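Student: Top line first, the protein sequences correspond to chains P and F.
Going by our numbering, 64 is the number at position 64 of the first sequence; the sequence numbering is gapless.
Going by our numbering, 402 is the number at position 402 of the second sequence; the sequence numbering is gapless.
FYI, nobody ran anything at the bench for these hints, they're computed from the structure.
Please note that the accuracy of each hint is not assured.
Since copy identity is lost for identical chains, a pair holds within one copy or between any two.
[To be verified] Derived EDC-like pairs: lysine to aspartate or glutamate, alpha-carbon spacing no greater than 16 Å straight-line: (1) Lys145 - Glu32; (2) Lys399 - Glu374; (3) Lys145 - Glu36; (4) Lys399 - Asp74; (5) Lys399 - Glu379; (6) Lys26 - Glu40; (7) Lys26 - Glu180; (8) Lys399 - Asp429.
These figures come from a predicted structure and were not determined experimentally.
Chain by chain, the residues:
There are 2 protein chains.
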Amino acid sequence: MRDGIIQIGILGAGVVGGGLYQILQKNAEHIEQVAEVGIEVAAVCDIDWERPRDFSVPPDLRTTDAYEVINDPDIDIIVEAIGGSEAALDYVTAAIQAGKSVVTPNKEMIARHGEQILPLAGQHGVDVQFEGSVGGVIPVLRSLKESLASAQIDQIIGIVNGTTNYILTEMTEAGTRFAEVLAAAQREGYAEADPTADIEGTDAVNKLAILAALAFGARVPVEEIYREGISQITPTDIDYARQIGYVIKLLAIGTRDGDQLELRVHPALLPVQHPLAAVRGVFNAIFISGPECGEVMLYGRGAGALPTGTAVAGDVIDCARNIVHGSQGRTPCSCEGEANLRPMGEIESSAYVRMSVTDQPGVLGRIATLLGRESVSIESVIQKSSGNEVAEIVWVMHKGPERHLQAALRAIEKLDVVEQICSVIRVVDE
Amino acid sequence: MRDGIIQIGILGAGVVGGGLYQILQKNAEHIEQVAEVGIEVAAVCDIDWERPRDFSVPPDLRTTDAYEVINDPDIDIIVEAIGGSEAALDYVTAAIQAGKSVVTPNKEMIARHGEQILPLAGQHGVDVQFEGSVGGVIPVLRSLKESLASAQIDQIIGIVNGTTNYILTEMTEAGTRFAEVLAAAQREGYAEADPTADIEGTDAVNKLAILAALAFGARVPVEEIYREGISQITPTDIDYARQIGYVIKLLAIGTRDGDQLELRVHPALLPVQHPLAAVRGVFNAIFISGPECGEVMLYGRGAGALPTGTAVAGDVIDCARNIVHGSQGRTPCSCEGEANLRPMGEIESSAYVRMSVTDQPGVLGRIATLLGRESVSIESVIQKSSGNEVAEIVWVMHKGPERHLQAALRAIEKLDVVEQICSVIRVVDE
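The task is simple: from the sequences and hints, build the whole structure.
Tutor: Pasting the structure below:
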């Protein structure tokens with residue numbers, strides 16, 4: 001503190017650090033009124049002050065030395081906005097050890113190292129807040145920790161990656177192929193130059209690990225979460241899905257069943273009536289359900305300087321209130337231990353399967369027989385001749401164990417009349 | 001406290017009090033873990049213990065004397081769940097004066113007497129929390145006070161009354177008339193025996209006053225909020241709206257424009273693509289927008305024992321954390337003063353107008369001339385002959401001052417060729 005004003009040090013003058021800086025400047029008076037204490041940026045650290053930015057930091061606040069900020073005795077709260085998990089972890093650890101509260105939107109670091117950072121914060125009597133790490137502006141983590149804290153959560157389904165939701169929305173609404181939409185998204189800045197973490201689901205996996213820890217009170221090793229990206233999704237599948245009343249979304253799904261958790265990130269067919277089906281473009285949403293709370297959905301921008309900056313500023317205000325009231329550690333980590341994860345093969349799921357086959361009598365029957373042999377039950381089937389003696393068959397299977405379907409598909413693939421199993425996409429129906 | 005366990009007194013063993021009681025029993029272990037303190041019900045007060053209930057309270061916890069609960073020195077938190085604004089206000093005032101934190105889902109009391117209760121809580125160093133008063137389980141108030149606390153909010157649009165949303169959804173999906181759906185809703189328990197407060201918008205007005213106070217930091221006298229109910233809405237209007245891409249919803253709208261606020265509850269045409277348009281049945285949702293947060297929507301069950309009980313239990317946990325950490329008053333009332341309300345006539349709005357006219361040439365032109373004379377600009381018009389020399393004309397007007405439209409309609413009503421102005425429903429288009 002300096003003159004009764006809370007002092008903030010921001011590490012990283014990038015998108016989110018910049019968003020936070022602008023909000024703290026522009027809304028300073030409003031923030032002082034709601035927080036009942038002034039909040040001031042004392043220092044901003046970045047390794048490159050030559051880079052063009054759409055906001056400017058006064059030269060006397062700039063530094064390139066993170067430890068100068070972390071060790072400044074006047075600074076109360078460190079905002080880590082550099083991203084990545086290595087240097088960020090060192091800085092956050094040092095800040096906690098220096099007795100500062102920490103705010104970070106860094107999903108990778110929290111997902112991977114939360115189990116180390118959060119107890120350390122407890123030991124040092126400081127807060128670590130990370131609302132911006134999942135769903136940008138969406139107030140989902142604080143809602144799980146506070147408003148819904150009493151409730152048993154049975155399931156969380158999230159659209160938590162804006163890049164993939166933008167791509168799938170464009171593919172759905174314009175009928176464009178994945179590669180073309182991705183290239184356009186990269187030109188427009190909706191996708192990174194290296195989009196792997198987004199399109200292959202790694203980003204969503206980190207967010208699901210954080211959501212699951214808060215919703216189910218269990219630590220989840222990110223490597224153990226099942227993951228499938230969207231690069232194999234085609235306009236053909238999107239169109240078939242539409243015909244049978246579904247949209248295709250990349251979902252992060254966490255389900256509690258007894259003492260086991262099912263955690264998975266994959267594309268899925270979602271009924272058009274589902275509240276998540278209407279989440280378009282770069283928007284994110286998290287759907288939460290349980291026996292007491294019923295169905296709750298929280299929706300908003302999952303990225304961007306000001307939306308994520310708003311989430312980070314909310315955390316800063318929370319930490320500031322705790323400093324003023326001496327109540328740091330008021331909402332600590334409440335994980336009880338490691339999650340007991342159900343293997344993917346044991347998960348019960350419905351599925352959509354598209355295959356191309358030789359267009360001749362008896363083929364559908366032969367395939368259906370193999371499905372039946374593995375106890376895979378068929379909900380609906382469409383067969384369409386696509387010319388050249390080739391037909392396309394689209395199946396929707398009833399809910400059943402994943403391993404039964406996989407066994408049936410291995411057998412079906414070997415049939416001489418089956419040219420290719422083109423797509424297997426799970427269906428989320430409840 | 002008793003033996004280090006937070007003691008709760010519940011006033012009112014009705015729907016919400018019962019929901020809370022059940023959650024605190026069933027999830028006691030989970031709640032103790034997340035709150036880091038045990039939470040126990042010490043007493044439940046109700047005037048009628050003979051009434052049949054789907055939960056049971058042990059006889060030694062039952063009382064009929066509210067002040068016995070309020071004045072019990074072991075009790076830390078009073079939950080007021082009796083409803084109404086008179087006795088409830090007395091009890092809450094007494095509880096605050098006795099140094100207890102208070103949790104209440106009572107929208108009427110908070111909307112009418114918040115400006116008296118909240119400062120009193122501040123003077124006595126206790127909390128008053130009321131998340132359950134708006135949107136049931138939806139974590140909207142805490143999100144406004146905490147996660148979105150830094151952001152400037154420009155607009156809040158809420159579907160905050162489940163009864164009317166259920167009725168409008170049924171009218172839309174089954175084409176049934178208002179009176180029939182209301183009667184069915186009363187039989188099924190979705191509408192009260194006296195549904196006036198719901199269908200005439202009074203309930204929504206109370207909730208809007210609370211939302212506006214938190215979003216805009218200004219106290220709002222509920223009597224000054226413009227209010228219109230849904231009893232005049234017909235399947236005919238719902239059907240015309242659908243044809244031009246809209247659904248009809250009862251909306252609670254709060255808009256900030258400079259230093260003025262526009263606050264109103266009325267049915268409105270909402271574009272089918274709007275996230276609120278998909279909110280069906282008894283569900284509620286609140287759509288929040290501003291320059292930093294962008295568009296945020298929070299969705300869930302707006303009523304019911306367990307959903308509202310979850311919100312109340314979240315508040316109880318919040319109060320308990322503050323008691324344990326000595327941080328009561330951490331998120332106090334932050335209203336700066338009375339709202340500066342814009343008169344309804346000055347509000348700019350689009351409108352849908354349906355009228356029946358004599359089916360003869362020149363009528364549409366005469367009406368359009370009168371609209372033009374009052375500077376009301378037409379976006380679209382549909383004219384349909386309905387037989388018997390009567391035609392129906394449906395207009396959608398461009399956005400303009402409310403008083404221009406009203407002046408034009410007064411003039412149009414006097415035309416001999418106009419049989420009736422059947423409906424005037426505002427359009428919410430942004």
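Student: For every hint, state whether the structure bears it out.
Tutor: Do the hints match the structure? See the list:
In this assembly of identical chains, the alpha carbons of Lys145 and Glu32 lie at most 16 Å apart only when taken from different copies (13 Å versus 24 Å within one copy). For the identical chains of this complex, Lys399 and Glu374 are intra-copy neighbours only, at 13 Å inside a copy versus 62 Å across copies, given an alpha-carbon limit of 16 Å. Proximity of Lys145 and Glu36 under a CA criterion of 16 Å is satisfied inter-copy only: 12 Å between copies versus 23 Å inside one chain copy. For a Cα distance limit of 16 Å, the shortest separation of Lys399 from Asp74 qualifies neither inside one copy, at 58 Å, nor across copies, at 52 Å.
For the homomeric pair Lys399 and Glu379, the shortest alpha-carbon distance inside one copy (9 Å) is at most 16 Å, but the shortest distance between copies (49 Å) is not. For a Cα distance limit of 16 Å, the shortest separation of Lys26 from Glu40 inside one copy, 11 Å, qualifies, whereas the shortest one across copies, 44 Å, does not. When the C-alpha separation of Lys26 and Glu180 is checked against a cutoff of 16 Å, the pair qualifies neither within a copy, at 39 Å, nor between copies, at 52 Å. For a Cα distance limit of 16 Å, the shortest separation of Lys399 from Asp429 inside one copy, 9 Å, qualifies, whereas the shortest one across copies, 41 Å, does not.
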